[in-house]
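Q: Listed below are the residues making up each chain.
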Amino acid sequence: MRGRKGGWSLGLAGLLAPVTLWLGLFFLVPLLLILAYSFGTSGPYGGITLGFNPGNYLNVFDPLYLQIVGRTFVIAAINTLICLLLGYPLAYFIAFKGRRRRTMLILMVMVPFWTSFLIRAYAWVVILNGNGIANKTLQFLGITDGPINLIFTPGAVTLGMAYAYLPFMILPLYAALEKFDVRLKEAAQDLGASRWHTFWRVTFPLSMPGVIAGSILVFIPSAGEFVIPDLLGGSRTVLMGNLVQQQFLQARDWAFGSALAMILAALLLVAIMFYVRKVGTEKLEGV
Amino acid sequence: MAAVRGGPVYKGMGKLPDRALLVLSVFIYLFLYAPIAIVIFFSFNDAKSTQNWAGFSTRWYGELIRDQTVLDAFYNSMIVGVTATAIATVIGTLTALALSRNDFRGKTFADSAIYAATVMPEIVVGVSLLVFFVAAQIGLGITTIIIAHVAFTISFVTIVVRARLSGMDRSIEEAAQDLGASPVQTFLRVTLPLILPGVMAGALLAFTLSFDDFVITFFVSGVGSSTLPLKIYSMLKFGVTPVINALSTIVVFTTLVIILGAGRFFAGGDDLKNARKDS
Chain G
1 MRGRKGGWSL GLAGLLAPVT LWLGLFFLVP LLLILAYSFG TSGPYGGITL
51 GFNPGNYLNV FDPLYLQIVG RTFVIAAINT LICLLLGYPL AYFIAFKGRR
101 RRTMLILMVM VPFWTSFLIR AYAWVVILNG NGIANKTLQF LGITDGPINL
151 IFTPGAVTLG MAYAYLPFMI LPLYAALEKF DVRLKEAAQD LGASRWHTFW
201 RVTFPLSMPG VIAGSILVFI PSAGEFVIPD LLGGSRTVLM GNLVQQQFLQ
251 ARDWAFGSAL AMILAALLLV AIMFYVRKVG TEKLEGV
Chain X
1001 MAAVRGGPVY KGMGKLPDRA LLVLSVFIYL FLYAPIAIVI FFSFNDAKST
1051 QNWAGFSTRW YGELIRDQTV LDAFYNSMIV GVTATAIATV IGTLTALALS
1101 RNDFRGKTFA DSAIYAATVM PEIVVGVSLL VFFVAAQIGL GITTIIIAHV
1151 AFTISFVTIV VRARLSGMDR SIEEAAQDLG ASPVQTFLRV TLPLILPGVM
1201 AGALLAFTLS FDDFVITFFV SGVGSSTLPL KIYSMLKFGV TPVINALSTI
1251 VVFTTLVIIL GAGRFFAGGD DLKNARKDS
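Residue numbers (my numbering), protein chains in the order written: chain G, 1 to 287; chain X, 1001 to 1279.
Keep in mind that the hints were calculated from the coordinates and are not lab data. Glycine included, C-beta positions come from ideal geometry on N, C-alpha and C. Any given hint could turn out to be false.
Said to hold, decoys possible - These stretches of chain G come out as covered by chain X in the derived footprint (C-beta under 8 Å, 3 or more residues):
#, segment
1, 24-31
2, 114-128
What the hints assert, rightly or not - Covered stretches of chain X (in silico footprint by chain G; criterion: 3 or more residues with CB under 8 Å from a CB of chain G, positions within the stretch not fixed):
#, segment
3, 1084-1097
4, 1251-1257
Bound conformation, chain G alone:
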């Protein structure tokens, strides 16, 4: 049954036919379709004329939209940084525990991660809403006198995103740190390096694949995030994801919406290429 390099057998074709058909028809073709639409022209009543119109992409530079795109990248970048700052210590803490404890602790990271995304965003609506727990806590601590507006702010969106995406950072970091050979640390310290030095010169550089993978896994989906800004940002913190949704469901400018979606997809492509160049392809499968 084992094929040679380049060997295509009838059996292999049979095994791959369903996936090729399904992903080809319902993943690749739709992507090619919005690629074509992104260069089309939207009619005034929602129709679309195909062609080569780069105007949809140039539209992004309209100050109104540029502001949204800029805000999206700033929030996605801040979110990635927060996840890295919170995720690294925890991944480090877990990775150097004994085997059984490690499994238990990483499972505890995975449970919230498996919980419905929508509900995790909603949880922050409950917390930040009106005179909710967050406001009560602030008043209790004497930081504020009355309820202040917490929800529908860029801060609320960033917080909700950090909460939603933190496990996406912890898991690859953990995977990288777990493979780490403790003897390297011991060697560095035997040679007189301080703990601080050992971390920055040995441990951290060796965990770079995890840092890069985690950052991509947080940055890309947060740039395309639509639920969190919708629930926690309201109409004042509109991000690219909301703009895409508006173009498709309300404004009915599918050409512009497609261009925005293509930008998000292109971002992913660039990120993957960056990862492959920095870390290599064989790791791509392992992640």
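On the provided structure of chain G, position chain X as indicated by the hints.
A: Chain X in isolation, oriented as in the chain G frame:
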């Protein structure tokens, strides 16, 4: 997998950084769990408000069960979840078999396409499918939701089953064939039972992803095909009520039970971790 791991921390190291790390870690775990715990807590609140505690009550669960639209949404979610899981599990398993056993021209492309499907931002998948269904004049409804869910869960099943296959000893299959078993017999009597835990874990994973999906479903659903996440979202748009807390609690526990079940098939849950990380 070095044997030294978990050994004593090297002598003479200050205890302070370790303590700080421990405290920080506890806080991060709190951060991960507290918000969900708050939702669950308030689902048992005997008041209309979601901000003040007025005693224990299960009235919101009662209200939930009497709400026909919620029951319809639950029914839709189950239909979609079960159907999409069945299709995705079969296709994903076949794909995993093809990819782990063969080295063929175009394999890199196949691998890349599988991984791209797991990391593509959901909104891009959602709108592209919407455009596709409209262009192909396929009416939006349960069928389009199932098609979409199969499309985004196949890759996850493939990854999980492949992980199981890679740890399998091929010589057992060779032995079966040497003893005269046909390829089909070998697959049904030897390979399948061995990879079954992986297939089951993949199926449970696919079901959870389908059951929890909001973004993609949002774009490809039609009138009357609301699933539970869509129902929660539309309830939220009308305002925060304790009923949403009760519904959220049920969804959280359903997912939890399924995932812990999947974890049992895969000792330690390592493979689930690997699969979801690509999402």
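Q: Each hint should be assessed against the structure and marked as holding or not.
A: Do the hints match the structure? See the list:
| no. | hint | result |
| --- | --- | --- |
| 1 | 24-31 | holds (count 6) |
| 2 | 114-128 | holds (count 13) |
| 3 | 1084-1097 | holds (count 6) |
| 4 | 1251-1257 | holds (count 4) |
In this structure, none of the earlier numbered hints is contradicted; all agree with it.
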